[in-house]
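**Q** Next come the chains, spelled out residue by residue.
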Amino acid sequence: DAGITQSPRHKVTETGTPVTLRCHQTENHRYMYWYRQDPGHGLRLIHYSYGVKDTDKGEVSDGYSVSRSKTEDFLLTLESATSSQTSVYFCAISGKGYYGYTFGSGTRLTVV
Amino acid sequence: QQPVQSPQAVILREGEDAVINCSSSKALYSVHWYRQKHGEAPVFLMILLKGGEQKGHEKISASFNEKKQQSSLYLTASQLSYSGTYFCGTEAGAGSYQLTFGKGTKLSVIP
Numbered sequence: 001d002a003g004i005t006q007s008p009r010h011k012v013t014e015t016g017t018p019v020t021l022r023c024h025q026t027e028n029h030r031y032m033y034w035y036r037q038d039p040g041h042g043l044r045l046i047h048y049s050y051g052v053k054d055t056d057k058g059e060v061s062d063g064y065s066v067s068r069s070k071t072e073d074f075l076l077t078l079e080s081a082t083s084s085q086t087s088v089y090f091c092a093i094s095g096k097g098y099y100g101y102t103f104g105s106g107t108r109l110t111v112v
Numbered sequence: 113q114q115p116v117q118s119p120q121a122v123i124l125r126e127g128e129d130a131v132i133n134c135s136s137s138k139a140l141y142s143v144h145w146y147r148q149k150h151g152e153a154p155v156f157l158m159i160l161l162k163g164g165e166q167k168g169h170e171k172i173s174a175s176f177n178e179k180k181q182q183s184s185l186y187l188t189a190s191q192l193s194y195s196g197t198y199f200c201g202t203e204a205g206a207g208s209y210q211l212t213f214g215k216g217t218k219l220s221v222i223p
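Quick mapping for you: the protein sequence lines, in order, are chains A and B. So for the first sequence, our numbering puts the first residue at 1; every next one is plus one. So for the second sequence, our numbering puts the first residue at 113; every next one is plus one.
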């Protein structure tokens with residue numbers, strides 16, 4: 001009954017390889033977000049989506065791309081992973097109107 | 113630009129009160145507050161909208177000073193379960209639906 005799930009939960013990958021993280025929601029919410037969380041930085045917005053095929057960049061979008069072909073799925077791709085992209089990635093969803101975000105459980109990504 | 117939270121960390125004994133502040137250099141439309149326990153996802157606590165509307169929980173309340181672009185989170189009669197890191201998230205424009213988060217305030221409640 002989570003409403004939002006992220007996969008995988010953990011991943012170790014090598015520098016230079018492509019990586020895709022998936023966020024899936026069952027709430028039919030319009031807005032979806034990808035954040036990364038690093039010690040000392042809090043949560044920083046990577047990309048967000050305000051509808052199917054409607055996406056935009058956040059403050060730390062370099063090296064990342066996203067796609068949203070269905071309302072329920074929002075994919076984050078690291079085209080060529082670097083060690084600086086080692087982080088915990090959170091997906092979040094929000095409905096129209098002023099309600100809080102619901103976060104997924106996170107993906108811990110390690111780039112070696 | 114990230115909002116600034118203070119203090120960075122605070123230790124309380126059960127039953128004590130705490131205030132966490134969040135300030136921004138930008139004009140704000142709304143402020144959200146979240147709590148994150150170690151190893152878990154952030155959880156929504158409340159939202160404050162420009163104009164003073166507030167939604168929240170018992171014993172945890174907040175204020176929003178639009179003129180100063182500041183928000184404060186008040187935790188009264190703290191419980192062990194209040195421990196965690198608190199984040200404020202700010203929205204600059206109505207309908208932007210994007211939050212910029214502060215770096216967090218770590219709250220530890222001890223018996």
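Honestly, the hints are just simulated from the structure, not real lab data. Please note that the accuracy of each hint is not assured.
[What the hints assert, rightly or not] Straight line, CA to CA, 25 angstroms or less: simulated SDA-like cross-link-like pairs of lysine to any residue:
(1) A:Lys57 - B:Lys215
(2) A:Lys11 - A:Glu72
(3) B:Lys218 - A:Glu72
(4) B:Lys149 - A:Gln85
(5) A:Lys53 - B:Lys215
(6) B:Lys218 - A:Glu59
(7) A:Lys57 - B:Lys138
(8) B:Lys149 - A:Lys53
(9) B:Lys218 - A:Lys53
[To be verified] Here are some, though not all, of the chain B residues that point toward chain A, as calculated from beta-carbon distances under 10 angstroms:
(10) Leu192
(11) Gly196
(12) Thr197
(13) Phe199
(14) Lys215
We put the beta carbon where it would ideally sit given N, CA and C, even for glycine.
**Q** Checked against the structure, which of the hints given earlier come out wrong?
**A** 3, 5, 8, 9, 10 and 11
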